[in-house]
Amino acid sequence: MARKYDQLFETVRQNVDEVDVHALKAAIESTSSKPIVIDVRERDEWEQGHVPGARFIPRGFLEMRIEEQVPEKDQPVYLYCAGGVRSIFAAQALQQLGYENAISVSGGFGSWKDAGYRFDIPRQWTPDQRQRYSRHFLIPEVGEGGQGKLLDAKVLMIGAGGLGSPAALYLAAAGVGKIGIVDSDEVDLSNLQRQILHSTARVGEPKTESARTFINQLNSDVEVVGIQERLNADNVLDLVADYDIVVNGADNFATRYLLNDACVVLDKPIVDGSIFRFEGQVTVYKPGEGPCYRCMFPEPPPADLAPT
Amino acid sequence: MLPGVIGVLQATEVIKLILGQGDPLIGRLLTFDALESSFRVLRVGRDAECPACGEHAHLDASQVKDMDYQISCALPIAGD
Numbered sequence: 000m001a002r003k004y005d006q007l008f009e010t011v012r013q014n015v016d017e018v019d020v021h022a023l024k025a026a027i028e029s030t031s032s033k034p035i036v037i038d039v040r041e042r043d044e045w046e047q048g049h050v051p052g053a054r055f056i057p058r059g060f061l062e063m064r065i066e067e068q069v070p071e072k073d074q075p076v077y078l079y080c081a082g083g084v085r086s087i088f089a090a091q092a093l094q095q096l097g098y099e100n101a102i103s104v105s106g107g108f109g110s111w112k113d114a115g116y117r118f119d120i121p122r123q124w125t126p127d128q129r130q131r132y133s134r135h136f137l138i139p140e141v142g143e144g145g146q147g148k149l150l151d152a153k154v155l156m157i158g159a160g161g162l163g164s165p166a167a168l169y170l171a172a173a174g175v176g177k178i179g180i181v182d183s184d185e186v187d188l189s190n191l192q193r194q195i196l197h198s199t200a201r202v203g204e205p206k207t208e209s210a211r212t213f214i215n216q217l218n219s220d221v222e223v224v225g226i227q228e229r230l231n232a233d234n235v236l237d238l239v240a241d242y243d244i245v246v247n248g249a250d251n252f253a254t255r256y257l258l259n260d261a262c263v264v265l266d267k268p269i270v271d272g273s274i275f276r277f278e279g280q281v282t283v284y285k286p287g288e289g290p291c292y293r294c295m296f297p298e299p300p301p302a303d304l305a306p307t
Numbered sequence: 000m001l002p003g004v005i006g007v008l009q010a011t012e013v014i015k016l017i018l019g020q021g022d023p024l025i026g027r028l029l030t031f032d033a034l035e036s037s038f039r040v041l042r043v044g045r046d047a048e049c050p051a052c053g054e055h056a057h058l059d060a061s062q063v064k065d066m067d068y069q070i071s072c073a074l075p076i077a078g079d
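One line per chain: the protein sequences are A and B, in this order.
For the first sequence, position 199 (counting from the first letter as 1) is numbered 198 according to numbering that gives the first Met the number 0, and the numbering increases by one without interruption.
For the second sequence, position 75 (counting from the first letter as 1) is numbered 74 according to numbering that gives the first Met the number 0, and the numbering increases by one without interruption.
Bound-form chain A, shown alone (with noise of 0.2 Å):
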């Protein structure tokens, strides 16, 4: 028996291009081109650690997944096992499937570890985590690893009334691990008409605390952050460089300004939003690659034209 795996083994190898991990860090490093790095491992294998950026296929779904996750078949694709013997299987079927350059990585994981280059060790998720994202994790634009980005993510919403509380609940539902919100308002019964952060039982409560309940109870993942305060010039740059983006959700032209200003300082994105009558508008200051506020309104209004 052995023989003949022997044999099958040496015809498939005779076939496929191989390169030395060298090669391969190499072709990561390129700045030209990003290469396709696949890891074929187990997924206990995998979560011990994997090359940087490579995406994680198990052997045994590697035909089913690969037309999904890699549609160019003329593109270089890398694959890689542990010691280099998977993988060369793996690339003969990706030959099969028509993909015309299919590289196995020899000595796998392995070599790659012992020529001492830097790897990966993925987060570690927990059975409800698994499910509670489970849908992230089938898009390829998010996945793992974009679920990761969400929970290591800071925003912070600037109020927790009409457009706060439908941001702060999708983020939240969504994972966002950190979310600020400052509001310095108490809930009253003629927001929730609009205000769905907030219920009936919680009014006269801050609204800061009304949305931690309510986001404790969509997704404990979250760290909700309540800055009961007005937003001002002495507090606005603190705040804003504990988050990675701000949301503003406040309607008026001085935290306009001020929020502007302190992101403009601070290198932080806003992502403004804002609601007059039927009509809303969104967009993204960010600062160096596109205007800020005061590139579009370098003043304000005179205040008989401002709307509130």
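FYI, nobody ran anything at the bench for these hints, they're computed from the structure.
Any given hint could be a false lead.
What the hints assert, rightly or not - Straight line, CA to CA, 30 Å or less: simulated DSS-like cross-link-like pairs of lysine-lysine:
(1) A:Lys72 / B:Lys64
(2) A:Lys24 / A:Lys112
(3) B:Lys64 / A:Lys3
(4) A:Lys33 / A:Lys112
(5) A:Lys33 / A:Lys3
(6) A:Lys24 / A:Lys72
(7) B:Lys64 / A:Lys153
(8) B:Lys64 / A:Lys33
(9) A:Lys267 / B:Lys15
(10) A:Lys148 / A:Lys177
(11) A:Lys33 / A:Lys267
(12) B:Lys15 / A:Lys72
(13) A:Lys112 / A:Lys72
(14) B:Lys64 / A:Lys177
(15) A:Lys24 / B:Lys64
(16) A:Lys267 / A:Lys112
(17) B:Lys15 / A:Lys33
To be verified - Over 12 Å on every C-beta distance to chain B, these chain A residues come out as not near it, computed from the model:
(18) Glu71
(19) Leu96
(20) Gly97
For every residue, glycine included, the Cβ atom is placed at its ideal position computed from N, Cα and C.
Please build the complex by placing chain B on the supplied structure of chain A, with the hints as guidance.
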């Protein structure tokens, strides 16, 4: 309903920025008219003379701290 539409669009932009996916609304203003049921996208450009982020702007933390946003919000024009 309108705040829900706009707030969820904002959340979507946040997710795109975090994931580094797609084309966020940088330099574009998306408008939604609920009565017409129509979306429009307007291109908006940077202003080289912008007092906050323009070529000659020199906005810093101390200016933000010292400004009275409730009264003026007006930055001195660069070069003044």
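For A:Glu71, which was marked as not at the interface, is the minimum beta-carbon distance to chain B over 12 Å?
18 Å, holds
Between the alpha carbons of A:Lys24 and B:Lys64, is the straight-line distance 30 Å or under?
48 Å, violated
Please verify whether A:Lys267 and B:Lys15 have alpha carbons no more than 30 Å apart.
This hinted pair holds, its Cα atoms lying about 15 Å apart.
Within a Cα-Cα threshold of 30 Å, do A:Lys24 and A:Lys72 meet the stated pairing?
With a Cα-Cα distance of about 22 Å, the restraint between A:Lys24 and A:Lys72 holds, given a limit of 30 Å.
Between the alpha carbons of A:Lys267 and A:Lys112, is the straight-line distance 30 Å or under?
37 Å, violated
Hint consistency between A:Lys33 and A:Lys3 [alpha-carbon to alpha-carbon, up to 30 Å]
38 Å, violated
Hinted pair A:Lys24 and A:Lys112, Cα distance within 30 Å:
12 Å, holds
Given the proposed pairing of B:Lys64 with A:Lys153, does the C-alpha separation stay at or below 30 Å?
Holds. B:Lys64 to A:Lys153 sits at ~23 Å (cutoff 30 Å).
Hint check: A:Lys148 vs A:Lys177, CA-CA at most 30 Å. Holds or violated?
Measuring from Cα to Cα gives roughly 11 Å; hence the hint holds.
Going straight from one Cα to the other, do B:Lys64 and A:Lys177 come out at no more than 30 Å?
26 Å, holds
Holds or violated: A:Lys33 to A:Lys267, with C-alpha atoms at most 30 Å apart:
28 Å, holds
Could you check that no beta carbon of chain B comes within 12 Å of the beta carbon of A:Leu96?
27 Å, holds
Going down the numbered hints, you'll see the structure goes against 1, 3, 5, 8, 15 and 16, while the others check out.
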